[in-house]
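2 protein chains.
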Amino acid sequence: MSDKLRVEATPLIAKKSGKLYCVGIGPGDPELLTLKALRILQTRPVIFVPEQSGSGRRQAFEIVRPYLDEAHQRIIPLHFPMTRDQDQLESAWDIATVRVVMELAGGQEAVFPVLGDPLLFGTFNYILNRLNRNYPEIEVEIVPGVTSIQAATAAAGLPLAEGRERITILPALYEEDAAKLEQTLADYDSVVLLKVGGALGRLLPILKACNRLEKAVYVERVGFPDQRIVRGQAIENLLYGKLPYFSLLIIKR
Amino acid sequence: MSDKLRVEATPLIAKKSGKLYCVGIGPGDPELLTLKALRILQTRPVIFVPEQSGSGRRQAFEIVRPYLDEAHQRIIPLHFPMTRDQDQLESAWDIATVRVVMELAGGQEAVFPVLGDPLLFGTFNYILNRLNRNYPEIEVEIVPGVTSIQAATAAAGLPLAEGRERITILPALYEEDAAKLEQTLADYDSVVLLKVGGALGRLLPILKACNRLEKAVYVERVGFPDQRIVRGQAIENLLYGKLPYFSLLIIKR
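If you read the protein sequences in the order shown, they are chains A and B.
Following my numbering, the numbering of the first sequence begins with 3 at its first residue and continues without gaps.
Following my numbering, the numbering of the second sequence begins with 3 at its first residue and continues without gaps.
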């Protein structure tokens, strides 16, 4: 009888694979967390925090930190390099995925907070792909967040689109074909270029050539205390300074 | 002396023009409000609620209602017709704007809750244009919200974009040129078609023609209790039923 109980109990325990919550925490302002993100962050025992290798920066963690109870919740850093080297990136995503899986073994629940929205150009996409492919038994719940695009248009008081307007969202770093970008600017009512920092010197001549700089709006580090909004011709002056990674351009028709 | 005091006091009072908060409340789930939206909704004396003329439906209000104190906050409906008649719409936006302005006179603060994000295809865009044009003295603060696009990708577990991927967001009703839509599907990694309800019969043959139906995901009323997700070929079966206004299609490469 006791043997039978043991046999039944073992597979039940082995089957429990935990649950990962990936919660979008919005673009930087701690008040732009959703009620759901806050509830989940405050009620789960393990919090993964993305950490930039080298600098040790933990941007998502700094935003949610005031809401956590570090005496009772375990904070586990996951290391991600700031690089475009695909091998290094793949390796970091592989290692982070294994770290997540190890932690969830035994039925643990954990939270992975992500700046902005988890599925819009976030590092979590790469973890999710690996979890789906290699660990389909792990349950993943994704909680959407306010994006930097929504926060930037709100801060600038700029309608992103209305009525029949068409939008396109492009990672600026990879928009290297000037003719193609000019065509895109002609075809769309709202063009959003993300992470323009390193690409602004290349983008501005194109905007000027098609007379679109006048109505362009540049927003950097939206939601953070040092947020900055620059409009029209004044954007050119930005070329004299260093621009951060979190910067975007909105070009309306 | 008393005369001098009066003269100084009058313009100060007349200058106060109130402040309007337009807060995005997310796509339907009351837990997807941000902490900021909740704080503002709970601490201002006047709440404007968009109401559909005829049906009397107040979708935004039903979502925020549990958070309000109706004994102490004034609820003021603003009427909007469900029509594509431009004259009727302009007239409704004009009247709603005047109603807002009247209420703010004397320095009142009021909140206008909006489904999703205020500046992404929301009715508030039209009010904002009128306030900026005709009442620049009124202060407007916009609080961004979680969009139905972010909520739909989260519900479907579908990365919207990663790395160098390019996104386009289109109101489906106006995508009437099949060749152009086929070209867009070829050019973009992620195509989001909004408000597909009335347009699905026209869209599906195009998706099939370019072999894109297989990976398409249809999401309707995301965040509401009757949310529905349909993937791939099964989307064709939707043509036999009535589809709601809040429905979108995500087509990834």
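What the hints contain is simulated information worked out from the structure, not anything from laboratory work.
A few of these clues could be false.
The list makes no distinction among identical chains, and a pair is therefore deemed to hold if it is satisfied within one copy or across any two copies.
As the list claims (entries may be wrong) - Using 16 Å as the maximum straight-line C-alpha spacing, the simulated EDC-like pairs for lysine to aspartate or glutamate come out as follows:
#1 K217 - D71
#2 K254 - E167
#3 K197 - E167
#4 K197 - E164
#5 K244 - D191
#6 K217 - E141
#7 K182 - E167
#8 K21 - E143
#9 K244 - E53
#10 K254 - D189
#11 K244 - E216
#12 K210 - D228
#13 K210 - E141
#14 K254 - E143
#15 K217 - D191
#16 K21 - E238
#17 K244 - D228
#18 K182 - E72
Please read these numbers as outputs of a predicted model, since none were measured by experiment.
Inset, instruction - Evaluate K254 and E143 at a C-alpha cut-off of 16 Å and name the case that applies: within, between, both or neither. - result: Classified as neither: same-chain Cα gap 35 Å, cross-chain 20 Å, threshold 16 Å.
Legend entry - Alpha-carbon proximity context of K244 and E216, limit 16 Å: neither (22 Å within a copy, 45 Å between copies)
Inset, instruction - First find the shortest C-alpha distance between K217 and D191 inside one copy, then the shortest across copies, and answer within, between, both or neither for a cut-off of 16 Å. - result: within (12 Å within a copy, 27 Å between copies)
Inset, instruction - At 16 Å max between alpha carbons, let me know whether K210 reaches E141 within a copy, between copies, both or neither. - result: neither (49 Å within a copy, 32 Å between copies)
Inset, instruction - Can you give me the call for K182 and E72, within, between, both or neither, at a CA distance of at most 16 Å? - result: neither (49 Å within a copy, 54 Å between copies)
Inset, instruction - Since the copies are identical, ignore which copy is meant and state whether K21 and E143 lie within 16 Å (CA to CA) inside a copy, between copies, both or neither. - result: within (8 Å within a copy, 38 Å between copies)
Inset, instruction - Up to 16 Å between alpha-carbons, please classify K210 paired with D228: within, between, both or neither. - result: neither (27 Å within a copy, 48 Å between copies)
Legend entry - Within, between, both or neither, where K244 and D191 count as close if Cα-Cα is 16 Å or less: Intra 29 Å, inter 31 Å, cutoff 16 Å: neither.
Inset, instruction - Using 16 Å as the alpha carbon limit, work out where K182 and E167 are close: within a copy, between copies, both or neither. - result: Answer is between: at 15 Å across copies they meet the 16 Å cutoff, but 20 Å inside does not.
Legend entry - K197 and E164: within-copy, between-copy, both or neither at 16 Å Cα: Between copies only: 13 Å across chains, 24 Å inside a chain, cut-off 16 Å.
Inset, instruction - Give the relationship of K254 and E167 under a CA distance limit of 16 Å: within one copy only, between copies only, both, or neither. - result: For K254 and E167, only the intra-copy Cα distance (10 Å) is at most 16 Å; the inter-copy one is 21 Å.
Legend entry - Homo-oligomer pair classification [E141, K217; C-alpha up to 16 Å]: Close neither inside one copy (45 Å) nor across copies (22 Å); limit 16 Å.
In summary, the numbered hints that this structure violates are 1, 5, 6, 9, 11, 12, 13, 14, 16, 18.
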